[in-house]
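Peer 1: Chains as they are written, first to last, in our numbering: chain A, 1 to 323; chain B, 324 to 554.
The set of hints was computed from the structure by calculation and includes no laboratory data.
The structure presented is a predicted model; accordingly, all values stated were derived computationally and were not measured.
Check the hints yourself; a few may be wrong.
Stated by the list, open to error - Facing chain B, from chain A, some residues (calculated, C-beta under 10 Å): (1) M187; (2) N198; (3) E200; (4) M201; (5) V207.
As the list claims (entries may be wrong) - Restraint ranges, calculated between C-beta atoms of paired labels, are given here: (6) B:F439 - A:Y235: 20 to 30 Å; (7) A:H67 - B:Q382: 55 to 65 Å; (8) A:Q106 - B:E346: 54 to 64 Å; (9) B:R504 - A:R111: 17 to 27 Å; (10) A:A64 - B:Y334: 17 to 27 Å; (11) B:Q432 - A:A262: 51 to 61 Å; (12) A:L104 - B:E346: 41 to 51 Å; (13) A:L173 - B:S447: 31 to 41 Å; (14) B:F439 - A:A64: 40 to 50 Å; (15) B:Q382 - A:P311: 43 to 53 Å; (16) B:V535 - A:W182: 50 to 60 Å.
Claimed, not checked - Far from chain A, some chain B residues (derived; all Cβ distances over 12 Å): (17) Q446; (18) P488; (19) T492; (20) G505.
Where a beta carbon is used, it is the ideal one built from N, C-alpha and C, also for glycine.
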Amino acid sequence: MDSTQFGEALSNSLSSSSILILAALGLAITFGVMRVINMAHGDMMMLGAYTAYVVTDRRMLPRALNHLLGLIGIDADIDLNIFVAIPASFLVVGFVGYLLEVCLIQFLYDRPLDTLLATWGVGLIMQQSINLTFGANLVPMHLPEMLQGTPEILQGTAFAIPSLRLFIVGVTLFCLFGVYWWFFQTMSGLKIRAVVQNREMAAALGVSTRQVDSITFAFASGLAGVAGCILAHLYNTKYNMGGDYVVDAFTVVILGGMGQLAGAAGGGAAIGTGNSFIEKLLSVFTKMDSPAAMAKFFILVLVVGFLLVRPSGLFATKERSYD
Amino acid sequence: MLAIENLSVSYGETKILRNVSMEIRAGQVVCLLGRNGVGKTTLLKSIMGLLRPQAGRIQLDGSDITFASPDVRARHGIGYVPQGREIFPQLTVLENLQIGLLNVDSDHQPILDEVFGYFPALQSLLSRKGGFLSGGQQQQLAIARALVMRPMFLILDEPTEGIQPNVITLIGEVLENLKKRGNLAILLVEQYLDFATQLADICYVMEKGAIVLHGAMGELDPTVIKPYLAF
Chain A
1 MDSTQFGEAL SNSLSSSSIL ILAALGLAIT FGVMRVINMA HGDMMMLGAY
51 TAYVVTDRRM LPRALNHLLG LIGIDADIDL NIFVAIPASF LVVGFVGYLL
101 EVCLIQFLYD RPLDTLLATW GVGLIMQQSI NLTFGANLVP MHLPEMLQGT
151 PEILQGTAFA IPSLRLFIVG VTLFCLFGVY WWFFQTMSGL KIRAVVQNRE
201 MAAALGVSTR QVDSITFAFA SGLAGVAGCI LAHLYNTKYN MGGDYVVDAF
251 TVVILGGMGQ LAGAAGGGAA IGTGNSFIEK LLSVFTKMDS PAAMAKFFIL
301 VLVVGFLLVR PSGLFATKER SYD
Chain B
324 MLAIENLSVS YGETKILRNV SMEIRAGQVV CLLGRNGVGK TTLLKSIMGL
374 LRPQAGRIQL DGSDITFASP DVRARHGIGY VPQGREIFPQ LTVLENLQIG
424 LLNVDSDHQP ILDEVFGYFP ALQSLLSRKG GFLSGGQQQQ LAIARALVMR
474 PMFLILDEPT EGIQPNVITL IGEVLENLKK RGNLAILLVE QYLDFATQLA
524 DICYVMEKGA IVLHGAMGEL DPTVIKPYLA F
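Chain B with its partners taken away, still in its complex shape (with noise of 0.2 Å):
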């Protein structure tokens, strides 16, 4: 589904992530790893396509998207849940919703309903403006927001962060559920180990802007991972 290799991303002089590769395939979810600031977002905005590589290659579904713009991305299958939400706050909940139909052909009633049925609490918000919706309400709406758009892989970037404990469950539950309709592949950021082991697959574990650990959720022992997230 996404392959990566030997991917390398600076900020000017500074180089963030070094030959970084990562492997993911349909139905699987894999989780990232790692301290704050080891460039977890960084690699997740590299697939999106909202920073520029130096060097190194990116596949998705057998095409190289290197060099593609991040709506091209985007209309290839790449869902982005993004740190922070980035709600648009002066849209309403419904016009949020809208910008991830834009690309959809088919009708959008029932890919809607779909959605209302994972999160039914966006459904009396349509008509809010986002800007004024709680974290957890943002979170909510940020899924459904990628979700909507179909995608074949989904990136979410620390969705538990900040958000009230019956969200957490509830995002835990949405997920597990995509993870059993066996087509999506799903790239989790977390800080949150619990939440991760739950739904993760295969993890791997960054460090200074590069992989030192990856393997299946089930061989890894918790105490070697541990010493890569304390703070």
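So that you can see chain A by itself, here it is in the shape it has in the complex (with noise of 0.2 Å):
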């Protein structure tokens, strides 16, 4: 594997790790700290990407805009890109996520089979109802100039890294920093960490479990809303794009471990990291007709066999130990 080859490894890694660990983020907290299997967390990747389409695409929202501006007398020409679509589809997504959770979750706690389902289905009608109001195929997102092409420093090592891709690290290191510093530093934090524990004490102390439910879920979701909204700017936005990432989303978090934030953050980069370099040696070494299927498969049989020798993955958590 020569430099370039290496790059594009690299490259890669980088950019499907951030994807992983963001979409495993607020899976690790819905799933592996609520416990709500949320079968519609990929939908809501999907709708993020649909959020940054509708905010960036000239067409749309910016078009809108500038039509009310000049209703009111201003000649407009505002153009939104991914730094207003990055917040707009966290905030849309999380209320979706809110309203999930008033309207439907909240009922099904300690059900987890009959969430599973329940989400399965909400994740079909978000489906179809974006396919109905947008169709099928959707044009690439375009990006403010600084994201493209590679910082001239980088350009010609084996760490060419395109902007692009080093703003999604960058954003996906704010995000788990954000939510360290929420879960360990902000006194909201520590209601989640107390109803996590003990949910009946966390009430019988005056916290309100409904409120911490509800915006927790929603914060999750907001972040599914973030991971879909750098999705859409990588690759292609479909309305069925969701299936594609909820298994790899759940993958991560079991292999990170339940219940664990740094399980997100580590299985997302081992699992992103992984697939991306194996994919390359594949390509490189064998004449493979589709090495990404391959190193899927190579990754699944990994994080299988790590599982068998540490079934709590790779940050076992403790909590258990007490109840």
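With the hints as a guide, dock the two chains, each given alone in a separate frame, to form the complex.
Peer 2: Given below as structure tokens:
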């Protein structure tokens, strides 16, 4: 493998790790911490991707805004990009998550199988409503100039990583540190940790568990939205793209260890990096037709093997031993 | 302060509490006695709102809380020290106390200083995880965690269970002090009769989910109570 190929694999591994971490971080909160099996998590990523499309495509939101401003006599030329799309995806999908928790999931705690089916159904509804509204094919997102190309100092080296992918890594780190700060440095994070460890006792000490549940779920959904927004800027946006990612995200959470946020980061990085490098090695050294599928297969075998040796995942939680 | 009228509670089809009525006034220590499995903890959980009653009413300080959620009751002034202590194992001692302080608007430090006055051992354990404390330390933390909420009504479920004698003495002294303040009502579930008789003004005895005896502690003959406690 020469340095160009290494650079390609590295750059791929950074972006796919980032997406996996972002997708798994939300899931680590809903599945690992709240024990809700949310099959619509992938579809929430899809919603995030479509939010990015609506916000950034010149024919959609920017045109509507320009038109509105034109009505009050301002000749505007608003052009929205990924910097606006990321918070927009977070808020829109977070709100959808909030509605989902309040209208449906709150009645299904302690009924994991019912939650699985119900959220799967919700995911199908999301897919088809998006399909009916926007159709199946979308144009690629346009990027702001500063995220196009590769930073000059990296050009020609083995680390020729495009600006966009570096930016994505930054967003992922920002989200990771944000979640850590929220959970471990703030009073509302303390409430979440208390509810997770002992729901009844937290309630008996005056913590509104309803509020904690809905806000936590909304936040986790918002993270899925951010993951989707980033996906939209890397790959094609399709109404049924969620299914491709939800299984991967669950794999990451299980590999990382249930209930551990560090697990989402570690698991996501391990699977994302492993996948990209194995795929590159396969395509360089064998003349395989579909190195991507084969790489995925290898990764799954490795994950299963690892879990056989260490069933509690990368970061084992000690919480259970006190129950 | 707290009035319970004809409360009935079931787990599924099994009726645990039958028409339980009880009254507790400010400044009183009421002791609830009875064998294992007669429904004492069920009654306390129902008062806290962790179980829903099939019939009956619970009033706290004049307002009906029969269907209020546990967090509303806690904010209304009920402090709960459960059986088995239920410390958050992965939170530090300080964080356990901070959960209790979340709904307190006034300055936290004087409140903390006050409970450290009651339980000095906690002060040196603040950064220790709750799960690593001994049973006696956990019990002190559980009581302190309820007290920082400044409750007007304190529920204690077997606070002496599995605790070494010197901590039992300490807990007894703290409860005695709280009683002297005069504005706090305490409901104590206890199997350890000597501990209960020292503290309590009023005694209720439960058998098969119903109150079978009640009266002022001094007037009840221990020989009448004993048969209801024998195993």
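Peer 1: Please list, smallest to largest, the hint numbers that this structure does not respect.
Peer 2: Numbers 6, 8, 9, 10, 11 and 14 - these are the hints that the structure violates, sorted from lowest upward.
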